[in-house]
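Student: Each chain is listed here by its residues.
There are 4 protein chains.
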Amino acid sequence: MRTLRTVMSALVVGMFLTGVCGVEAWAQMMTPVGPQWWPSRWGPNDEAGASNWMTPEKVVEAVKLIKTGKVYRLGRVYEAGMPLRGQRTYKLTIPTVPTGGPFGKNKLIFNDELVTSEIGQVGTQFDGLGHIGVLVGSEGDQNAMRFYNGLTAAQITSPYGLKKLGIEKLKPIFTRGVLLDIAGFKGRMLDKGEEITIADVQGAMTKQGLTDLKQGDAVLINTGWGSLWMKDNARFDSGCPGIGLEVAKWLVGKQIAYVGSDTWPVEVNPNPDPDVRGVVHQELIMKNGIFLHENLDFTELIRDRAYEFAYIFVPVPLKGATGSPGSPIAVR
Amino acid sequence: MRTLRTVMSALVVGMFLTGVCGVEAWAQMMTPVGPQWWPSRWGPNDEAGASNWMTPEKVVEAVKLIKTGKVYRLGRVYEAGMPLRGQRTYKLTIPTVPTGGPFGKNKLIFNDELVTSEIGQVGTQFDGLGHIGVLVGSEGDQNAMRFYNGLTAAQITSPYGLKKLGIEKLKPIFTRGVLLDIAGFKGRMLDKGEEITIADVQGAMTKQGLTDLKQGDAVLINTGWGSLWMKDNARFDSGCPGIGLEVAKWLVGKQIAYVGSDTWPVEVNPNPDPDVRGVVHQELIMKNGIFLHENLDFTELIRDRAYEFAYIFVPVPLKGATGSPGSPIAVR
Amino acid sequence: MRTLRTVMSALVVGMFLTGVCGVEAWAQMMTPVGPQWWPSRWGPNDEAGASNWMTPEKVVEAVKLIKTGKVYRLGRVYEAGMPLRGQRTYKLTIPTVPTGGPFGKNKLIFNDELVTSEIGQVGTQFDGLGHIGVLVGSEGDQNAMRFYNGLTAAQITSPYGLKKLGIEKLKPIFTRGVLLDIAGFKGRMLDKGEEITIADVQGAMTKQGLTDLKQGDAVLINTGWGSLWMKDNARFDSGCPGIGLEVAKWLVGKQIAYVGSDTWPVEVNPNPDPDVRGVVHQELIMKNGIFLHENLDFTELIRDRAYEFAYIFVPVPLKGATGSPGSPIAVR
Amino acid sequence: MRTLRTVMSALVVGMFLTGVCGVEAWAQMMTPVGPQWWPSRWGPNDEAGASNWMTPEKVVEAVKLIKTGKVYRLGRVYEAGMPLRGQRTYKLTIPTVPTGGPFGKNKLIFNDELVTSEIGQVGTQFDGLGHIGVLVGSEGDQNAMRFYNGLTAAQITSPYGLKKLGIEKLKPIFTRGVLLDIAGFKGRMLDKGEEITIADVQGAMTKQGLTDLKQGDAVLINTGWGSLWMKDNARFDSGCPGIGLEVAKWLVGKQIAYVGSDTWPVEVNPNPDPDVRGVVHQELIMKNGIFLHENLDFTELIRDRAYEFAYIFVPVPLKGATGSPGSPIAVR
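From first to last, the protein sequence lines are chains A, B, C and D. Position 99 of the first sequence, counted from 1, bears residue number 219 in the numbering used here, the numbering being contiguous throughout. Position 33 of the second sequence, counted from 1, bears residue number 153 in the numbering used here, the numbering being contiguous throughout. Position 260 of the third sequence, counted from 1, bears residue number 380 in the numbering used here, the numbering being contiguous throughout. Position 145 of the fourth sequence, counted from 1, bears residue number 265 in the numbering used here, the numbering being contiguous throughout.
The set of hints was computed from the structure by calculation and includes no laboratory data. Check before you lean on any hint, since a few could be wrong.
It does not matter which identical chain is used: a pair holds within one copy or between any two.
Stated by the list, open to error - Here are the simulated DSS-like pairs of lysine-lysine, each with C-alpha atoms no more than 27 angstroms apart in a straight line:
# : residue 1 : residue 2
1 : K374      : K306
2 : K327      : K374
3 : K291      : K351
4 : K351      : K211
5 : K351      : K284
Turn these sequences into a full structure, and let the hints guide you.
Tutor: Written out as structure tokens, the structure reads:
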């Protein structure tokens, strides 16, 4: 009996892995994050996710929010000593000064900088669609690692950059932005591991006079945790407040395009459910093509009580990158 | 007599280099690029150059140009095989897939990318104020290398990034953009070493129905040379058409903020004057704080005959970098 | 019938991949490179391969070959412009001069260099045991990639270095070295794709007065191809002469420890059998733990007719690296 | 009067900097580290320093010390988490596994590693002749930075590696090695800032039965401080015991070639004279061409009471590098 079960189990795995039965059969199976999430809302070949919502109409809607012309830079400076996750690196040097020259009778000289970094995954970082996936089979099997639109690691990766889902596939983000000042609503910096609820979000919106979230919006969530940046990196990095699956799914329902926060993962960490890690990343990026932007700085927006604005971010089109550096701006 | 002259010359150099007579005395002296160009129009401590012209009023002016909401990405994809000057490098790898995980019962996995590059000086590149200078004394002496606002290499450089004039000091670029389609005006791709004249610029403006250039504008110059990108890199890199000192000084007079082109140096190369190299860089960046953006792609703008638009670029704030990667956008 | 076969095949693969039947069952199966080659001669936990033959006795034997004290450096200089395979990189910069200082009244200054490279796989390169493997199942499945001692990619790899079979596990190479001057024997530089035969090896040995190869020896093979290094990189890189499986297996029979050559892969390329690539790498490194050292320079040895010597190489113990830079020496 | 003095001072500096009076005149002047130290003992064009003492005779002398054939690896493993000075970096990744393949019907796969590091100046590091200098004039002036053989920074440096004094210019080190176990002599690990005296050295030699130091010898100094490596990096890095100028000059007198130790700078730190930093580096490397090897591990040598041996180290010939990674070996 036990032998039969073992054989059958091997058979199923074998069928899955070798694709004997096609993708369809397996499509009905549950993954560690629930049922199959593909094809995407934008079709089986889409690699742009929610950036597809960046239509001319959406741009025009956003532009109408610009009244005074004040521009807010929301990204942090990339520098040695900033918090870095795991073994990530950020190194910038200036080769011998000058790096070039003198040239000509005008004695031109120039300097370069040389950077080595997981440049899309350090500091203020925009997570692309090739960044987050789930393992649905044997550890180490790239055919059993699924990403946005059901693509496998074997399908998207190569040593020298992603073959699919690279950051260069996205459309520039130009949309309506909304800042939800949860810390302002609660009157305090939120705690590590504190999950933001739908009630919190709605309470903040009411307090701030915001009435709705619309398709394609960029939603920015202020937890206050960003005040620890470069002040207390150890605490900053040890966890953070943020949204959990409840709010994530609610935001998916609103068809927003983009969630940013002043924390390193946007989502609550550790998750109140001790068995999961990064589930909001999977829900938003992998399943719905909605982007995360981490380590933003809302200080000036909050000082000006600026809660609604045009929101602009153009990912640096590094071919095959998983994310992008750079600073979004809010304009109003 | 000759000895005296030698001694006097040594004396003068000594005075200069040791600063005995103060900066003032030397200020009257000629440098290889003409008389002293500092303090800057924005004061002796300015490190933001023409990005200071990015005022709320300028933003509002630019926003008025947005009618349809169409967004044009003007930057090229960064990729292996793109043209690189000199010994510059562009390398992107994906560490072992997955780079992290699986984590939790949700079996989260993630990928990173690792980039090594002169990231602000490869591909589509925005030249900052610490990139370009002039040697005004002994080769190798950082005190005799002058940059924007008269700062010396000794004052601005360090092994781990510029101490002054770093790209992070700039304000986001949000302004009126104007495309001068010189190739369209001439009915052909311009040649290597062909200098664009004021007459060319005015002819193109007339043809395109453009009446003026204003303070703080971004001026984009299409030469057609960009059509060689990734098609014939050797030729692309061997030189290019572009503006020379004549147009550069005329643009300075117009107080524009920014010049971009579809070539690697914006300026004509080789210069018709065989004795000089990079003089437009010195005139615009070093002396006037006006930025250059190289290796742009105007294909779509030209297809749509889009000559006037809101122009947006936010340099990636890499502390102490000489330039920035990233893609500007035109919106109209 | 066909269905049954398909199911059975899936079943077998499933058994293999999931390890239901243990390693033993599969052990009898054929891989693309023949039957199972593990456990290694040095046991199932060995990670040092043929460096285990570097015993004190072998050192003493090698030392007896030192008569005059003349030292030959056999490694090439690492430099920009050297031949590199595929997308490999070699980049060295000196951060701003000086990188540090001045410090103290003694005004100490210092310079560093910053290197980015596949440092164990560029220029003169020593291939370690984690470098070469074979795929025995589905592409992309790290459990189906086998290396020395049967270890899988899943078992040995991590994003930040090999967990097993890293170069730091090897013992320093100190042994008897023998140079087989095949080009000298043939009176000419060998051709691209020209496979060296056992007859060639024996002919060269006879001509050079060499009578035997012994357990643990380092065997160096001169093809003359190295004369193209930095002279005609395109041709150098386009292929090369070298040993094939015939000589490789003969050398395995001799229990030698190490094969070096003046070509980039040691083995003939392209292989006379157009269906295979890198089979000598698999035979020597993966199956027998015998090391390859590529891009050596025998010019001085040949000038001195130095065919037998003490041979010394200490891999740079980069934790988890697949290979090592550095220059071996011959001493006699 | 004051004006005259100022002018005269400017004149002298001017003469010096512009070379009016030639190098000879200045040669008589004092530098921050004493009188002119060039031309070197090996002539004004030498770039190999004390590696010139690696003669065949010296090799033969060293070989005679090999009796049992036991090999000791003295270098530490390079790994994430090892002590690093200042902003130096050590990063090793494995690009997507496999980095290459599968190729051919033999389904060859291979892995690479990608390293970014100040590779000659991290972990076990061998300091070359371009690493250490002195400033003898204005800060920032590369003409006023002197190195071995009087070469200036302007003469030796370039952005992409040293033009002179690069590590590739050295001859392989193969010499008599002597271990001075100062910790063993004192019966304890030495303290931070504790300077080893000539009496200590002589006491240790007597205790260990060593009678002399000879021209070209490698002298290894055990302080016990190395026991902190990867155990208490903060303390390890905070300073160390070591030799000062007294012993350094005594060693120069003995014409030894090489000093290694189990600390990060070989020399005592902080120096008992609070006004100086790195003076032993200047005395040995810059003035006398004698090499330093830092962060060695003598544990096994001490366990075996192995005090005299053949000592072998071949710098990795990275063109234009200031130092070298790699592990020396002792053989006896």
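Student: Against each hint, give a clear statement of whether it holds in the structure.
Tutor: Going down the list of hints, with the structure as the test:
Proximity of K374 to K306 under the C-alpha cut-off of 27 angstroms is restricted to the intra-copy arrangement: shortest distance 23 angstroms within a copy versus 51 angstroms between copies. Taking the closest pair of Cα atoms, K327 and K374 come within 27 angstroms of each other only inside a single copy of the chain (20 angstroms); across copies the shortest separation is 47 angstroms, beyond that limit. With identical chains, the CA atoms of K291 and K351 are at most 27 angstroms apart between copies only, with a shortest distance of 24 angstroms across copies and 35 angstroms within one. Taking the shortest Cα distances, K351 and K211 sit within 27 angstroms of each other both inside one copy (20 angstroms) and across copies (26 angstroms).
Taking the closest pair of Cα atoms, K351 and K284 come within 27 angstroms of each other only across two copies (23 angstroms); inside a single copy the shortest separation is 38 angstroms, beyond that limit.
Of the numbered hints given earlier, the model fails none.
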